[in-house]
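Chemist: Residue-level listing of the chains:
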Amino acid sequence: MANIKTSEKKSKAQSMGMHTEVLTGRTQQKFFNPDEAENFYYFGTYDVDFNKRTDLDVMNMSAPEANKEIDNLMSQGYGTIVIKNPQGKHSLGVGILNKLNLIFEGSLGYFGMGSCDGPIVRINGRVGWSCAENLMAGKVVIEKNAGSCFGAAIRGGDLICKGSVGARTGIDMKGGTIIIGGDAGAFTGFMMQRGRIIILGDVGINLGDSMYDGTIFVGGEIGSYGSDAVDAELTSSDQDWLRRKLKVAEIGEDFDVSKMKKIVAGKKLWNYDNLEPTEKKGAI
Amino acid sequence: MCGIAGLIHRGKSSNVGSELQGMLQALKHRGEDSTGYALYGDTDGKNFIMRFKVGENVGEGSSSVMEDVSVYDERKKIVDQTLSEMGAKIIKEERTLPYSLRYEVDYETKDLLDFSQKIESIPGVEILSMGKSLEVIKDLGNAKMVCDRYSLDKLVGTHAIGHARMATESGVDIKSAHPFWGYPFSDVSVVHNGQLTNYWNNRRVLENKGMRFMSECDSELIAVYIAQKMREGASLEEGMKDSLTGLDGVFTYFVATKDSLGMAKDTMAAKPLVLYESDDLVAMGSEEIAIRSVLPHEIDTYDPFDGEVKVWQI
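Going down the list, the sequences are from chains D and Y.
Residue 29 is where the first sequence starts when you use our numbering, and the numbers rise one by one after that.
Residue 1274 is where the second sequence starts when you use our numbering, and the numbers rise one by one after that.
Misleading hints may appear alongside valid ones.
[What the hints assert, rightly or not] No farther apart than 27 Å at their CA atoms in a straight line, the calculated lysine-lysine pairs in the DSSO-like style are these: (1) Y:1448 with Y:1350; (2) Y:1583 with D:172; (3) Y:1301 with D:96; (4) D:112 with Y:1301; (5) Y:1583 with D:190.
Hint data in this document are derived by calculation from the structure and do not stem from the laboratory.
Let the sequences and hints guide you as you build the complete structure.
Modeler: Quick look at the structure:
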């Protein structure tokens, strides 16, 4: 079991609330050896050419058929794919594990772009529940609104909604950045563990409820704070990062980030230092 | 899981039967144990339309007890006799299925409580809806099956709400299917997606106030709860806002009256709802694909927030 020790060295990242402890002890990390590069193969990935572009009309396709066709096009080297007539279908664009320019001309249903690792996606419509759930890397931009559980459990990448989002945005997120141009619903950042959420508009009740770590920035009004969510000082580093991030996200570039509120975990709910029952028994 | 859908045309009528069928069929993966429609048709407003059942659909998958069809005829006779005794005149009679009937009734009253109690005192008889415009049609199967069975695709009206049900809390039967009539109010109907956790507490209180429950489906509570609030003088919107604290659990529900359609979402926002709103049409459903069945072109939709109540007029 890893031990948790508080680091005394304060880096810039730490001052922004990104890292507060270091892990020592047993690790399951596998180290990459360049000499064995050919042995490392990410199943289901392709070398694609961004300049090779095609359209795919999914009007009369089911979600599995459309996703298989996207996979087929990537296997042919297409690096830019424009999806026509998504019509609010569910589970479109899931499980893409390589670089790809993907453009949806319309809206998606629930679990759109779920479990992806790497693609750059633009959705010119709205998305339903659980958009980009488990995103590991890449960028997903939604031009309109999004449903609840937006960016649930993401581990990395940038997830941007230019409109408003429903409840439980960033629930259980473990990394990455979620940026909302409009308002967000109740329980935003519920049980988040890492990563950052930026909301330019208002946010509903129970913000950051039971959050373990991570940071939430809010530009508008907050309905109420959840358990263990507390205010923190907005540093100049935070403001620099926010400006940079909003610019890259093509959203709120002129927004006055100096007036944003910063919310972090109060860590009163943390029990990491407590011994497990079996360990307690041993200690006695 | 269940799926709900609704639409309201503002300032005009449309083929709401066919439109709602498309919306509910798009949600059939959310449940197809039963499907129900509450359709607000164009009528002259003179007579009451009474949709009622004298038995259950005992087809495949039903949890109802099998009965001989002759029992249905006996019950119908008693209904006809009771109507006659109350001075209600049957203007038109349709018997779509052995257990399901539609009457147009000439009856002068503002209080439907007494009327409904007398009809429903007949064992096995339940009024599905009562109103000058409202018709509740519900049966086992998915939206298309029910629509075809009752020829609903040609019904023209201003607004409608519907429900595709996956039975979880109660049986697979018509009495537990949505929509629920807002008994004893003319032209009030409710559909619901979610679970109510204070059903029995509220039911006991409301029954003590004289309200009636026909099923053990928790969703029926919403119809009765709103109806009771309206009885006490609240407007539809006030009753719905009150329900956000009076009802415990997770819910998104729609209520429709003769000239309005409303939605409410609980404070946890745990159940989905997507909404499209324009000057001449409001369409909403558990998923966007429901709205897409009536508006296939690109549109702006959004999710209402937690604790939100909205009401639109025709």
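Chemist: Broken hints, numbered, in rising order?
Modeler: The structure conflicts with no hint, since it agrees with every one listed earlier.
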